[in-house]
Structure formats: structure tokens, C-alpha cells
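J.: Let's have the full structure, built from the sequences with the hints guiding it.
Protein chains: 2
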Amino acid sequence: MSVSIPPPKCLKKPLTVPHRLMFGPGPSNVPARILQAGANPVIGHMHEETFEIMSDIKSGIQYMFQTRNIMTLAVSGTGHTAMECAIFNAVEAGESVLTAVNGIWGERAAEMITQPNLLRELPKLPNCPVVFFLAHGESSTGVLHPLDGIGELCHKYDCLFLVDSVASIGGVPLYMDEQGIDILYTGSQKVLNAPPGTAPISFSERACQKIFHRKTKPISFFLDLNWLANYWGCDGKPSRIYHHTGPVNAFYSLRESLAILAEESLENSWKRHEKVAEYFQAGLESMGLKLFVKERKARLPTVTTIVAPHGYNWKEITNYIMKTHNIEISGGLGPSIGLVLRVGLMGCNSSKTNVDKVLAALKDALKHCHKSKV
Amino acid sequence: MSVSIPPPKCLKKPLTVPHRLMFGPGPSNVPARILQAGANPVIGHMHEETFEIMSDIKSGIQYMFQTRNIMTLAVSGTGHTAMECAIFNAVEAGESVLTAVNGIWGERAAEMITQPNLLRELPKLPNCPVVFFLAHGESSTGVLHPLDGIGELCHKYDCLFLVDSVASIGGVPLYMDEQGIDILYTGSQKVLNAPPGTAPISFSERACQKIFHRKTKPISFFLDLNWLANYWGCDGKPSRIYHHTGPVNAFYSLRESLAILAEESLENSWKRHEKVAEYFQAGLESMGLKLFVKERKARLPTVTTIVAPHGYNWKEITNYIMKTHNIEISGGLGPSIGLVLRVGLMGCNSSKTNVDKVLAALKDALKHCHKSKV
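Protein chains in written order, with numbering that gives the first Met the number 0: chain A, 0 to 373; chain B, 0 to 373.
Note that these hints are calculated values from the structure, not bench results.
Note that the Cβ used here is the ideal one computed from N, Cα and C, for glycine as well.
Computed footprint of chain B on chain A; a stretch qualifies when at least three of its residues, placed anywhere within it, have a C-beta under 8 Å from a C-beta of chain B:
1. 24 to 30
2. 189 to 199
Calculated Cβ distances over 12 Å to all of chain A for the following chain B residues:
3. Gln208
4. Leu288
5. Ala359
6. His367
7. Cys368
Label pairs and their in silico Cβ distance ranges:
8. B:Pro13 / A:Lys270: 20 to 30 Å
9. A:Ser238 / B:Glu106: 13 to 23 Å
10. A:Asp355 / B:Glu47: 25 to 35 Å
11. B:Asn225 / A:Ala92: 16 to 26 Å
12. A:Ser238 / B:Met286: 28 to 38 Å
13. B:Glu106 / A:Ala109: 32 to 42 Å
14. B:Met286 / A:Glu204: 46 to 56 Å
15. B:Thr215 / A:Ala281: 47 to 57 Å
16. A:Asn325 / B:Leu152: 50 to 60 Å
T.: Written as C-alpha cells, this is what we have:
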């Protein structure tokens, strides 16, 4: 045998990556400090220094989530991996799950839950759900869903309260313990401003009780909480057993992003996101644009949905803004496709200066893009 | 409600990561060029430039794997994620899988396959396996398993040939197409010298035929090849639908590492690893140490297993070498725990200079570590 496929020519061209203002619903821009943290040398996924970094990450997540849960860690993957980690561990075949579908994330959770291996054993009569899923910040519709009281209600029926806070946490108040949330997760690439690839997650004592008393093993070995808990030093055992090779560089960046959040403080970050969102909404309205979410309190301060301007092709607007202003804003997703423009200003991107840039770009786009005469 | 968990003090300490010679079985050292590629600014996971980078990665993997498979991509996760991606897609509930257990990787594959949701529907009588799993380079035992002829045999019985080449590929000849391998995967952190977090994988036409004619959806949404194929532009469809947020920075590093391999060429990389391994083996034997794998041809050139020196505590040796020489070498894993020392010299780490460093460190350790009088 011999090498018959030659080295590809395309790899001879050096990698070039443009600088771009990332004002879509994520990933956000990553500050140089976080990028450089990620460029530190690789050490072992089982080295003491790595365990210390993981321990710092754990503390940072506990702060961000406002939780004392011991079972707090970061999954080696994106928000979807965390979503599967939550569902695969908390739900056994034959159990049912209730999902609030207020946008695409609820739809995706429903899709994951009804993958055939879970669904096919569901009894024909609905039984009491063991998990209730809710997206706190629905980045597809721009809706911020209230959380108060839901945890209590769930617990009354012996149901776990699972919250997706990928697009919201850090930018809006959330108190995992006080709000009775049993499983909470987010991604690294939104308010945290780290590169995509890690996903903080936390499990309450109540969730652990269910998970560690399962009758069957979870479907995924990679996402099995028994293993993850040991790797993250959450199970109280004296030694850690090799599970998978943690993405150490992604851990460096994640730690740095949590450090930045701790420096600013949650309260200041929440206030800043709120003020910037209000400033943005006022600017949009003064331009004659309409907000997709009518109720002020129900607006997600991190991702703003704007009703797609009448008579325009939304795709032409986002393309124009990318080409002319080097700014990413996006169209709808899932149920909001064609209906909205979405602008995400998260973490370090949430500033009045950036709002001014987006408003100027939008004004310019509305002037230059084709408008039908309807 | 109010913030009751204060910002953690540990995050006030700046991140410090030591430089270390990573001569264990992985992760390997990552050259500055690859680390800096990963520190490029974040762009969107659905931007044209990202798709181009992904296309370059695809070509690089096709070269590394020596395959023309269209269904070639990188999973957003580590080697274990790729392992689950292969199994979850290729195997349906009720089907059986044959696993060659020649070390820990075969054991892990067996564990994944027998997760209850697949196992509980297995008929009592064994049926013909639909997949045969083999670890090409068993990094736990240091064994390189021959591949020739196995693919043909599998295909005779309508069985897919699934090969784990995490620890071997790039360092030893492997021809996916010519050797009739149906599913092949590796990790980014071994011979490729990229940070851990991405896992190249490829599926033959035969594998795709089975996967895309499944009766049920795969267990994992995140690893569903229908979705991954679309995100990686492998399904011939004109547009890509949002699946998950690809770890773009990890893609940058992976592309750079594939470019470096293409620059050196596979043949030169194979030769270098072979020569360095021979030089290392000779050095070990001249020190009076014994190689764990007796048969010369069965030795993995990337990870060398040394019989744990008689009378010593292996852990004291690896600790001494780490502390005194700043070099990571490791003990056994799974079936080889307590029996061996493992030294990985992969990708840029595979050089005679590094062999000399390891040999000097080993000599020094045997002189200074405690030896019992047995």
C-alpha cells in the first residue's frame, strides 16, 4: 500500500481569521485576555494544576449560578452537550418530561427527550413528569421567562426543575438555590465571552438523589454524571479515575472569563446589561422599529429581537451590515425565522458604544437595502 | 432575593500554567504556532470563513486518514465523543457488536455499547455483529494491532469495521480506504499536537448506507450524523442548518496541526516516529529495562510501554521524573496498571533529543528512587 491521497493544497495557505463585531446571539467577542489564557501551554488533564483550575472554575460557576451545590462542573462540550448531559442523567426510559416550548430551545429539548430510545417505552397514558424543562432566556424569540414559584410547584409533584440559561445567565438575575432550580446549565460563549466549547452545569441535592439512584446507567458514557462527578472532584472520593481528556486550554479560558465576571460582580453585570438593553430599545423605537416582545419585563436584556422591518428582506439587511459595518447581527431561528432581527450584546459586548454602532448600522441598512412598495 | 454567594477569592489569583514536557500518552506538547492559531478572534460558527476552515480540516483529515470519504469531519469533543459518535450512529438497539479487547479502549467501547438502552433489547442468542471494534494503537498496553485483511473479513459478514486510531494515526502507516475501514476516528491531542477538544472522524460509503437507513434515530441529538453531516457540508445540501455552536478556536488549532502534518508529509512523519521509537527502544534495553511488548512489530511507535522496573514503586518513578526533570511520563492504565511505565513521543515530541531527555531522567530516577531488596 502507498500514500495515494496527496497533502491538500488548501492547507498551504496560512490561516487568516477576520476581526468582526459579534453582535449576534452568540458566540460573542472574546477579549484578548481570555484568548491569551487559552493559549497557555497544555498540561495533563489529570495534573494537580489542572485540578486546581477546575476547582477555581467550580467556585466561579457556583458564584455565577448563585448555588452551593457540590455537584457543579463544566461539561467538555457546548450548550447542547450540557442539555444532553442534563436529560441523559436525569431521565430514564419510560419516564416522561414536560417541556415549555417558548422558542427553539424548548423544541430541541423535546427532540432530545423523544429520541427513540427514551420514547419507545413511554406508556400510552401520560404519567407524572420527572423533569420540567424551561429555557430562561429564549434567544430565538428574545423572551426572558420568569422563574419564581416554578421550582416549588415542580417539587410539590416530585418533579425536577431543569433550566437552560445559556443566553441569559450573567446578564440577568438568577438564583439557582433560592429559585429551587435542580439542574441549570449555560455555555461559555455568551455572557462569559469565552470561546465555545465548555458548558457550566450544576445539579441540586434533589437532582443528585434521583440521578444516583437510577435503575439503569445513563445512555452516554461520556456524559455519565458518576464519571464526571469524579473527574471534577465532586464525589468526595480521594482519587480521580481517568474518564476523558479534558480540554485543558478551554478550561484556561473558562477560568479567565469567570474571573472577569467575579471582578465586575454579578450585580454590576446585571445592571449594565439592563441599562444597555433599555438604551438600545429606546434607540430602536426612536428609529421607528418595533420590538418583537411587547411586554417590557419579558424582554431578554442579552438578546434583543426586533420585528423584521416591513417591506425589507431581512437577509439583505444582515448581509449589508456584515459587509459594510463588519458587524454580525442575525435573523430569526426556529419559530422566529423571517419574523425578526436578533441582536446580542453579551458580556463585554454590552455597552452603549456598541449600541450606537448597531443603531448606526441599522439606519444605514434601512437606507440602502431594497424596500418593496407594499 | 439577593446575591448570597460572594465572588470566590481563588479567582483573584492570576492563572499560571507551568511549561512541562508532555511525554505521557497524551496530551502532547502543543507548538506555539498551533496555540497561537487557537487564539485568533472568534467568528461565527455559521460564517463562510468558518465553513472554509472546516472544509480545509476535512481535506486534512482525508489526507491523514488516506480516505476519499465525503463523510469526513471533526466532532466537537474529545476521542471519547468520537467513539460515542461512531457507536451511537452505527448501532441500533437490538444489534450486536464485536469488540476486540486488547487494552482499555476495547473495554471502554464494550462499556459504551452495553449501556442499558442498547443492551436490554439484545436477544439471548448472539446474532451476527453489525460492527467490529478494534483499537489500532492500544495506548494502555503499547500494542499496535495489524489491520490488514480484517476489513475484508468483516465485509464478508456484512459487518462494519470500526477502528480507534487515537494513539496511532499520523505516527504509523494507516490507509483507511485500502484497508477497508468503515469508521475511523482519532483525537486532536496526540500526533496532531493540537489541544484536546476535537476529534477527526470518517465514515465509508458502506457505513453511511447503514447509518442513513436506520429504523430509529440515534440516541444522541448532538452526535446524530444527519445533523453533523449537514453542519460539515458533507450531505450535498445547498444550505446548512444550525445544529450546535462549533468550537471555532479549536477548529483553528486543528487546521494548523493538519497543515503542519501536510508540510512534513505522512511518509516522513511515519519514518520519523519509527526511527525515534527504535532509538528509544535500543536506549531502554541498553539500560537494562525491558519492553512490555515482546514482538518488535507489535510495538506502537508513539507510546512505548516499559516493564515496571523490578523492586521499584512505579509511582515514585513518575513523580520523581515530573518533579526533578519537569517531564510527564505515566504508569499503566486499565489492564496495565502497576505493570508498566508509559512514554509517549508523538508528533513534534518524537525526536532523538527528547529520547535522550527521557533516558537521562529514567537513569536518574532509578538511581534516586527507593529500591526494595527483593
